[in-house]
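For this one, chain A is given, so just place chain B on it according to the hints.
2 protein chains.
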Amino acid sequence: AFSEMVPVLNLVGVPSTVQQISKPLLHHTLGDGRFDAYNLAAQQFTYSQAFLRNKEHAPDEIDRVLTDCITKARPVYLALPTDLVSAKISSRRLRIPLNRNPPAEDPRLQSSVLDLVVKHFQEAEGDAVVLVDACAIRYDVKDELNKFIKKTGFPVFSTPMGKTAIDENLERYGGVYFGSISRPEIKEKVESAKLVLSVGPLKTDLNTANFSYNIPVERTIELHFDHTKIQYAVFPGVGMKNFIPKLTERLKSFHAAASMLSVPKFFNFVPHEKTEIITHDFFWPRVGEFFRPKDIIVTETSSPNFAIPDIPLPEGSILVSQLLWGSIGWSVGSLLGASLAARKKGLGRCILFIGDGSIQLSVQELSTMLRVGVTPIIFLLNNSGYTVERYIRGMTRKYNHIFSWKWTSLLTVLGDSQGKELSKSYTVQTKDELASLLDDPAFARADKVQLVEVIMDKLDAPKSLRLMT
Amino acid sequence: AFSEMVPVLNLVGVPSTVQQISKPLLHHTLGDGRFDAYNLAAQQFTYSQAFLRNKEHAPDEIDRVLTDCITKARPVYLALPTDLVSAKISSRRLRIPLNRNPPAEDPRLQSSVLDLVVKHFQEAEGDAVVLVDACAIRYDVKDELNKFIKKTGFPVFSTPMGKTAIDENLERYGGVYFGSISRPEIKEKVESAKLVLSVGPLKTDLNTANFSYNIPVERTIELHFDHTKIQYAVFPGVGMKNFIPKLTERLKSFHAAASMLSVPKFFNFVPHEKTEIITHDFFWPRVGEFFRPKDIIVTETSSPNFAIPDIPLPEGSILVSQLLWGSIGWSVGSLLGASLAARKKGLGRCILFIGDGSIQLSVQELSTMLRVGVTPIIFLLNNSGYTVERYIRGMTRKYNHIFSWKWTSLLTVLGDSQGKELSKSYTVQTKDELASLLDDPAFARADKVQLVEVIMDKLDAPKSLRLMT
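Chains as they are written, first to last, in the numbering used here: chain A, 1383 to 1851; chain B, 1383 to 1851.
Treat the hints with caution; some may be incorrect.
Claimed, not checked - DSSO-like cross-link-like pairs, simulated, lysine-lysine; straight-line CA separation at most 27 Å:
no., chain 1, residue 1, chain 2, residue 2
1, A, K1830, B, K1780
2, A, K1727, B, K1780
3, B, K1454, B, K1726
4, A, K1780, B, K1726
5, B, K1788, A, K1788
6, A, K1780, B, K1830
7, A, K1802, B, K1780
8, B, K1585, A, K1405
9, A, K1802, B, K1840
10, B, K1788, A, K1830
11, A, K1454, B, K1405
12, B, K1470, A, K1780
13, B, K1806, A, K1780
14, A, K1454, A, K1656
15, A, K1405, B, K1611
16, A, K1780, B, K1727
17, A, K1788, B, K1802
18, B, K1501, B, K1405
19, A, K1726, B, K1780
20, B, K1405, A, K1611
21, A, K1788, B, K1806
22, B, K1585, B, K1524
23, A, K1806, B, K1802
24, A, K1405, B, K1524
In short, the hints are calculated from the structure, not lab data.
Okay, chain A solo, but in the shape it has when bound:
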């Protein structure tokens, strides 16, 4: 969560305030009296920590870490001793809304940086593109960005981690820039622009196809959550949340010129292949046709998060991916969380893509989905093992092999038995079977947990993954 900038509150029940001092030999302790060990370890992976010691300071401490959590988009740690759980405290602070905005900035600094940025746009004669990356999503500037694009008319592209920050069917949207493995027309447009306005960049190895950007620093302006960078110069204290609206006002005069810049069409293309086998080259664009506006699409690390960048997603859809941290198994719990949020906020269907290796790490959360009554769709890509690892090392080695599970009976075992009909499971082996299922309105309605086992070849992988490993 720290790495991926996810605001998570880690609320930890701990022994009572008296025991924090007397340190008895309790279970769930290390047995040597170090009651602060977890707090010390958590410091490495949380932005801030609060250890409640008395009820007087509790409200301030709680608000402090909650504010950090939201404004810094990082996990925070809150330790709650057992005796304070039911302590009564004043409700006074509940009347003051938490501040979600970044702190006020120096207006003279801001306007000076604004002048500089505008000057660069003038020198580039408006030949600029916008490149949207992860931090635009993490630090919540999607609205500001969409207004910027609408009012200025500049072509806009996204990185894999910035995908869905900008609606992908927007007229001025040109697709995903993925360094050396981008579509050629996208690569050409982004790398030949006189100026690239990079919003919330996070140039990780996997997000840049192994650091393969070809955009000189001299042509780059970067907007970050707490600073701005013009070419090589860093301006701390100028954050994008406040900056983008002001920049929009100053650059809207470029609209006529910017609108003349051509934008590649980011189209979806389902190839015609001779084989009936479901290949990655076929699967992803075909599934692309199945997506609907407002769908939440979760792509597990490995084939799914390498394949999805190239598939245009509909208006209002949300892509949940994890390219920086890049662990496996995270997406099942993430799907559960997304499904609960979608139900509460009236968003669309929740759809997970995951391999047979990754799902084994956190499979029990499917049971929780049945229990709480959410109804996601899970595409389980069964390619008999850790295919991405096979490409990295040990193509035929045993440690990349996965013991085969009976996937279509899984949801029954995990609690959907005795005629409850909370779920439905399918296996698709051919392109026709996949197409029939995707075109079935009952399936597309997503009114129960649905698991689709997609049989794929052991060594097939998305093109981007084959190119990168």
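For chain B alone, kept in the frame of chain A given last:
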């Protein structure tokens, strides 16, 4: 592992030595260049750490943490950069066996403490008992202890965490001392002795029935792995591994007197109950009759590890329990490890007792058992939820309820399909069904993975647990 004193080598693959310095934005990092964060966090939970930086120092560093791991019985952390994985190093150190023994001790200190201890035995006129606890197992003094008992003849008892350090069918063995909830005859013998020689004590809340020992410090001598304590006096540098053999020699003259001390018989008793329902009061002694010499018995936290102390275990059996740390879910992986070790070392059957709540945390390891071909028996106590938590808090609350799984189909889904016959699953609902299964030689042979779902009442619990919560 730190808490429970388990020697685990945490071998961590990390970016190359060059990347440790240049700190690129790699996946599996925190994204802010802190490549040492995991090492810092691990310091809280490991005894020592080594971060290999070059191949010259690697052999010394590896041996240093391995020696700590074994002699201190704690986990250690070893970070191995990718470029050193295939580096060639000298094999010289492989010719020097690692030192598994504690360091040499000051002989004058040792003999002075020895004199003092013997004096206390003389003053007690040999009216002493031995109480064996966790650290006798963790710091590997089982052989020394058994010789001590044989040569001196003192009555010996164990704590719940010390169980199976001493063979429980030994003539001088009197059973498990569990503070206030001990069997009355055991409580009386231990608490009325003029002297208690406590070997490897670890007086945690759960191991002492909430700190309910009634043994005055004035009557206690404690032997620890790195010190000895006589009444209130601590003698650092006198560790039990070297001390017990010397003490055996000095105290063997008490054999005649010690042999006169009566020892309660630690018997197993299966009650006759009117109900056909399988109660905890019935289940544990009945299963006690099923155990065989050399069995490895793993008891998950909650009902199993509270029930097992009262059940006599056969010669050479090993109990694996976790009363200090007391997490749930650990026992499935532990069973896998125990099964692999048992196969390699020619030990007996591996038998797990676990609840329907705990097993959901780590259920996928059952699939690994099928894959690697070990053949444990798993008694799954299905009481529809977290019964121990119900006793602690929220007797009827929803958060203690578990979504019911179709347990007898679980192993099929986890890989035992298509006629492989790697496993067999059973449900027992009545005492008769349980008895028939336990008496079936094919079941007892344990030649495949066997899962037994034992249906129990939602609010039934072992007596010790009911008394403690």
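Hints and how they fare:
1. Taking the CA atoms of K1830(A) and K1780(B), the gap is about 23 Å. The hint holds against a cut of 27 Å.
2. A distance of roughly 24 Å separates the Cα atoms of K1727(A) and K1780(B); the hinted pair therefore holds under the 27 Å criterion.
3. Distance restraint check for K1454(B) and K1726(B): the Cα-Cα separation of roughly 24 Å lies within the 27 Å cut-off, and the hinted pair is therefore satisfied.
4. Between K1780(A) and K1726(B), the direct Cα distance comes to roughly 20 Å. Compliance with the 27 Å bound is thereby established for this hinted pair.
5. Straight-line distance between C-alpha atoms of K1788(B) and K1788(A) comes to about 14 Å, which keeps the hinted pair within the 27 Å bound.
6. Restraint check: the Cα-Cα separation between K1780(A) and K1830(B) comes to about 22 Å, which is no more than 27 Å; the hinted pair holds.
7. In summary, the hint linking K1802(A) to K1780(B) is supported, as the alpha carbons are separated by about 20 Å, within the 27 Å threshold.
8. At most 27 Å may separate the alpha-carbon atoms for a hinted pair to count; K1585(B) and K1405(A) meet this at roughly 13 Å.
9. A distance of roughly 22 Å separates the Cα atoms of K1802(A) and K1840(B); the hinted pair therefore holds under the 27 Å criterion.
10. Straight-line distance between C-alpha atoms of K1788(B) and K1830(A) comes to about 19 Å, which keeps the hinted pair within the 27 Å bound.
11. Using a Cα cut-off of 27 Å, the hinted pair K1454(A) and K1405(B) holds, with the two alpha carbons roughly 22 Å apart.
12. Distance hint between K1470(B) and K1780(A) is fulfilled; the C-alpha atoms sit about 25 Å from each other, no more than 27 Å.
13. Between K1806(B) and K1780(A) the CA atoms are separated by roughly 26 Å; this keeps the pair inside 27 Å, and the hint holds.
14. Proximity of K1454(A) to K1656(A) is assessed by CA-CA distance (about 51 Å); at most 27 Å being required, the pair is judged violated.
15. Distance hint between K1405(A) and K1611(B) is fulfilled; the C-alpha atoms sit about 21 Å from each other, no more than 27 Å.
16. Simply put, K1780(A) and K1727(B) have alpha-carbon atoms about 24 Å apart, close enough for the 27 Å limit, and the pair holds.
17. For a cut-off of 27 Å, the pair hint linking K1788(A) to K1802(B) stands: about 13 Å separates their Cα positions.
18. At most 27 Å may separate the alpha-carbon atoms for a hinted pair to count; K1501(B) and K1405(B) exceed this at roughly 63 Å.
19. Annotation: proposed proximity of K1726(A) to K1780(B) holds, straight-line Cα distance about 21 Å (limit 27 Å).
20. The hinted pair formed by K1405(B) and K1611(A) meets the criterion: a straight-line CA distance of about 21 Å does not exceed 27 Å.
21. The straight-line distance between the Cα atoms of K1788(A) and K1806(B) is roughly 16 Å, inside the 27 Å bound, and the hint therefore holds.
22. As the CA atoms of K1585(B) and K1524(B) are separated by approximately 19 Å, the hinted pair is consistent with the 27 Å bound.
23. Note on K1806(A) and K1802(B): the hinted pairing holds, with a Cα-Cα distance of about 26 Å set against a maximum of 27 Å.
24. A hinted pair counts as satisfied when its Cα atoms are at most 27 Å apart, and K1405(A) with K1524(B) does not qualify at roughly 30 Å.
Hint compliance for this structure: hints 14, 18 and 24 are not met, and every other hint is.
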